[in-house]
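Same order as they appear, the protein sequences are chains L, V and A. Residue numbering for the first sequence is 0 to 286, as defined by numbering that gives the first Met the number 0. Residue numbering for the second sequence is 0 to 526, as defined by numbering that gives the first Met the number 0. Residue numbering for the third sequence is 0 to 385, as defined by numbering that gives the first Met the number 0.
No lab work stands behind these hints: they were computed from the structure. Since the model is a prediction, treat every value here as computed from it, not as a measurement. Mixed in with the good hints there might be a few duds.
What the hints assert, rightly or not - Straight line, CA to CA, 27 Å or less: simulated DSSO-like cross-link-like pairs of lysine-lysine:
#1 Lys76(A) - Lys421(V)
#2 Lys424(V) - Lys71(A)
#3 Lys526(V) - Lys76(A)
#4 Lys73(A) - Lys424(V)
#5 Lys252(L) - Lys181(L)
#6 Lys526(V) - Lys70(L)
#7 Lys182(A) - Lys421(V)
#8 Lys21(V) - Lys13(L)
#9 Lys68(A) - Lys424(V)
#10 Lys70(L) - Lys21(V)
Each chain, letter by letter, is given below.
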Amino acid sequence: MSSPSTYYIPHDAKWPIIGSIALFLFFAGFAAFLNGGNSVVMLAGGALLIYMMFRWFGLVITESENGMYSKQVDTSFRMGMMWFIFSEVMFFAGFFGALFYARIFSGPWLSGIGEGGAAATNAVLWSNFEYMWPHNGPAELGGEYQVMGWLGLPLINTIILLISGVTVTIAHHAIKEGNHDKMVRWLLATVALGFLFVGLQCFEYYEAYAHLNLKLTTGIYGSTFFMLTGFHGFHVTMGAIILLVVMLRGRRKHFSATNHFAFEAAAWYWHFVDVVWLGLFIFVYII
Amino acid sequence: MSTATTEHHDHHDDHGPAYGWKRWLFTTNHKDIGTLYLLFSLVMFFIGGGMALIIRAELWQPGLQIVDPLFFNSMTTMHALVMIFGVVMPAFVGLANWMIPMMIGGPDMALPRLNNWSFWIMPFAFLLLLSTLFMEGGGPAGGWTLYAPLSLQGGDSFAFVIFSIHFMGISSVMGSINIVATIFNMRAPGMTLMKMPLFVWTWLITAYLLIAVIPVLAGAVTMLLTDRYFGTSFFSAAGGGDPVMYQHIFWFFGHPEVYILILPAFGIMSSIIPTFARKPLFGYASMVYATASIAFLSFIVWAHHMFTVGMPLAGEMFFMFATMMISVPTGVKVFNWMATMWRGSMTFETPMLFAIGFLVMFTIGGLSGLMLAITPADIQYHDTYFVVAHFHYVLVPGAIYSIMAATYYWIPKWTGNMYDEKLGKIHFWISTIFLNVLFFPMHFVGLAGMPRRIPDYSLQFADWNMVASIGAFGFGFSQLIFAYVVIKCMKGGEKATDEVWEGADGLEWTVASPAPYHTFETPPTIK
Amino acid sequence: MRSTFCAVVSRLCWLTVLLPGSKAFADINMPVGVTPISKEVYGLHMLIFWICCVIGAAVFAVMFYSIFKHRKSKGHKPADFHESTTVEILWTAVPLVILVSMAIPAAKTLIAMEDTSNADLTIKVTGYQWKWHYEYLDSGVNFFSSLAAEHNEARQVDSGIDVSTIDNYLKEVDNPLVVPVGKKIRFLHTAADVIHSWWVPDLAVKKDAIPGFINENWALIEEPGIYRGKCTELCGRDHGFMPVVVKAVPEDEYLAWVAEQSGAGEEAETVADGDAAEEDTDREWAMDELLARGEKVYTANCVACHQAGGQGVPGAFPAITGSPVAIGDVDKHIEVVYEGVAGSAMASFAAQLSDADMAAVLTYQRNALGNSVGDTIQPSAIKALR
Ligand code: HEA
Ligand code: HEA
Ligand code: CUA
Ligand SMILES: [Cu+2]
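Using the sequences provided together with the hints, build the complete structure.
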């Protein structure tokens, strides 16, 4: 047991360097794959990365279960997670920035609206282009397509995510009351909603590709649409997996009413994913 | 508190260093990791500097003598990527690792395993980056800014470069998160925020800059990747995108990035100058506020790198004024250091020499930055060697000098040995002379019209380019002195006292030299 | 000793102010230029330069004074002050005032620079890897302008040519841009492949040429003369070798030049529409005729990437020698050169080459540079595509 005045400093750690090798294999393999190579190295790297995470987190969990962490260590973890989420927010900010820039500046500019060279740009280079959002550019890359409306699946998905935000909160209250079974039940609901969201999103992509001719290559609309929703979908998947792990740990009674950082971290992450979706729903689908 | 590491075997969580190579691979000790970062950075400095020497050798005289223009461009690109991401940033992180826990009276970094990972990513990331030089088609050759659509034309290396940037980004973000958590969570009781040394303050703010902008860079290069391989059209007008959009996103990262490269240097200056002036830092509080203002302003000036891309007039005005504003808080810092020296009792050991070199030459670079901020004039300066002169003045005698000053200043604490003062002074003087021979003439050729990123030039630039190349080789080879001094000091030498410097103030000087493997396992008392 | 030093310094300073752009400083300072804007910019540049010098001198003076006087070896004892709100406010406010005094003239110049209205003529400038295309929108005259052949030869690695024997090394083009003096010229900048930037220091015109977008700029040249500049945005391998040459002539000379260009039928090098070009296109060409012409076209347009011997640059630019395209299906070969390869540096040459040139260079690639397919491609085949 540690007294509050000492800080737990692990004396050695082999997982980080294995993680570095895994990432190296993954990135190098991915790059080789993009250049027409095979995907073996990439998959090996990915697998090693997942294995590494299991073992590393497993180690942390064991240490935590053995009471080696003090309150102060817990605070470090919390700060780590908080600022990690902030960095994720900034990652999405980059893509939202691209969306806004394309809508506020490049699109109008190409159609002749703006100071300086805008009029000439339209008159000389793209005289048949008139701006309205969404569009796939003056060269109409990808050809005729249909817009993804917000009323159908996206709306349902919004509702799903909002509900999942509620269920995860209920689960949080349950653990704070020390009610494990209730927590697991509500977490299960959250995870299920999460995967339902991902499933529907996949279906939406299928629709887009198969029936709407809306693709990644459909000019700037397709680019922003799929990159934003795609990265979001990826984060939902990650979040759901994290919640699933937390749920399984909950079943093993890893958490107590006062000590359940992993749960909270997962919940924060889930709320973050939720908020990003609201942004997407408004700026990608509705407006 | 004990200095003998062997006495700690009874604790489960504080072994002394392990033996052999495993110690370095698996270490979670902030001092070991700091050392690794610093040594990595030193190696990369010679690699990046070697590339600079290839550039300067080709520019020795007009005509193409040595390299193909494509290879030249890839040297320029790689030189910058290596120097920025492989030298200055890791060196600052290394210093943070060594000094922050000691300065705030903490036992170690907040997240020691993550710390190890942050470091061990770097060699692999650079393996990925440098390997592209050996690929068909050569390394990236579109400049370190990777502007679309030129960067999209690269050969197979393109994807590797993008991923190496993601890779380094992961390291930087994790490292920064660790630093933030350390500063907020590991301070000894009584070490209030406004008692922290300025190095800690500047790093705290730098860490926020990093967490905020590195992910944006990651997003930008991801878009490059999908434009190249997945047919998106973020940066192509035909599909409704815009090549200039890349530049906006890049510089939204890129400008704060250049302050990431200088704020910790400001912190180092604020440690060294008071020590050798034997007088407390003038205007501590205003230093903190000035740093914060610089960081804030750095988010709203990015388009000063883009005055020629055709922005609306109002945009150009805004970015011009905002950029000029940065001179005010930076001026406050310079004046504060000046006032710290004023009526002090100064001595001029090597760290102080480098600090004064920093002060003088950084100011020159800053003032040329101010000239660049004036939009109509920048339209003439932009993309010429005048810009190259500006940023080397802030980066080399700025960032690099600060790192060298810090090394000379703290190396007795790290190794327990004094470095060779005489060689240190020689290193300073030779470096400083050649450095100005190297970079000052770049102002001239730039104003006279020599564009940057060209392997060959017209005859009227010949003389000054030769001068610059002489300076480059002189400066470059004098860095071997530095490497020699560092290695010599690591191996042995005159024993250093605990306080090392007469005027030194701060917790790091209260522990033994060399600093014991674990410091402050029980928090020190803060006056 | 000291007074001579001061005298030299002050003379140097006054020289820079009084004799702007005098020969003595041409090598180390910004040119004054020949347009109202360039002169304003020069003035602004000198103003901020001197302000910066004064600030620097003041800061360094204080710093070095204390370095010399307040040193321990002179027995100076440290004072203990470390705060003073008054000075802090002072050295925040004074710089602000200085900045405002710089910002006002800067803003004025900027506004003038951006005003492209009421131009007398408009020229569209398009950047290509690695040459410029000029199109006079009012008269339709248009042509490419690339690094002059002699310079291009000299600048190759191992060319064996001493570049110092070449006048205006890297500053000469085959076809300069001819413009009238005393007229407000509006430039439209764009690019065909990657970003370039068109810069002529004497005109204080520098604007990025962005593919798919047009930027505007203007100049009013006051004195006839030849003004040289460069591409200033990194645009690939030969970024250093795409100079700009502007020849400013009196208006009547300019008008005569325009008439000559648009009248007598265009040179065969430019897009075919004159009678001679028509004839060229329709007749049957012999193999050696095509090869002779093809070699010229290849040297002028393709060597930059595919190299003189056709060996290319591995990984970046494919070899022509033995290329599956160049020795394979004719239609595919034509398609690559006519339409370019999307997403690569291989641009469409449809607009740059006449039918005859295109046919010639294709035939040349198939039957020279180590290839020997044996077929010819006739200009009429290219014409059919248009
Ligand atoms: C450490 C890195 C660093 C630092 C600190 C700075 C500091 C500054 N930089 Fe620099 N800059 C770069 C690194 C840096 N820069 C790099 C790498 C590039 C090129 C990127 C590329 O294109 O590849 C660049 C390019 C660059 C440009 C674009 C040029 C172009 O491409 O056309 C501009 C334009 O505004 C600029 C401005 C400034 C300004 C105003 C400051 C200010 O912060 C300086 C403030 C300091 C002072 C002014 C001096 C001290 C103050 C006083 C003594 C007080 C009194 C002063 C006054 C009243 C004025 N920089
Ligand atoms: C922190 C950043 C940093 C640092 C420290 C430096 C340091 C140096 N830089 Fe660099 N530079 C940049 C950042 C930096 N630079 C950036 C951002 C660019 C813009 C890139 C772009 O346009 O995209 C640039 C561009 C740039 C150019 C312009 C290239 C062009 O536009 O085409 C030049 C040209 O002279 C140059 C030169 C130098 C030199 C001579 C040094 C010297 O200070 C280096 C001195 C050090 C050494 C020489 C090491 C010692 C080496 C030996 C002793 C011998 C070799 C030994 C071995 C290999 C084992 N740099
Ligand atoms: Cu065109 Cu550089
Ligand atoms: Cu900047």
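Outcome of the hint check:
1. Lys76(A) - Lys421(V): holds (26 Å)
2. Lys424(V) - Lys71(A): holds (18 Å)
3. Lys526(V) - Lys76(A): Distance ~25 Å between lysine 526(V) and lysine 76(A) Cα, so the pair holds.
4. Lys73(A) - Lys424(V): Between lysine 73(A) and lysine 424(V) the Cα gap is close to 20 Å, so the pair holds against 27 Å.
5. Lys252(L) - Lys181(L): Between lysine 252(L) and lysine 181(L) the Cα gap is close to 12 Å, so the pair holds against 27 Å.
6. Lys526(V) - Lys70(L): holds (25 Å)
7. Lys182(A) - Lys421(V): violated (65 Å)
8. Lys21(V) - Lys13(L): Cα-Cα ~9 Å, so holds.
9. Lys68(A) - Lys424(V): This hinted pair holds, its Cα atoms lying about 21 Å apart.
10. Lys70(L) - Lys21(V): Violated - the C-alpha atoms of lysine 21(V) and lysine 70(L) are around 30 Å apart, more than 27 Å.
In this structure, the earlier hints numbered 7 and 10 are contradicted, and the remaining ones agree with it.
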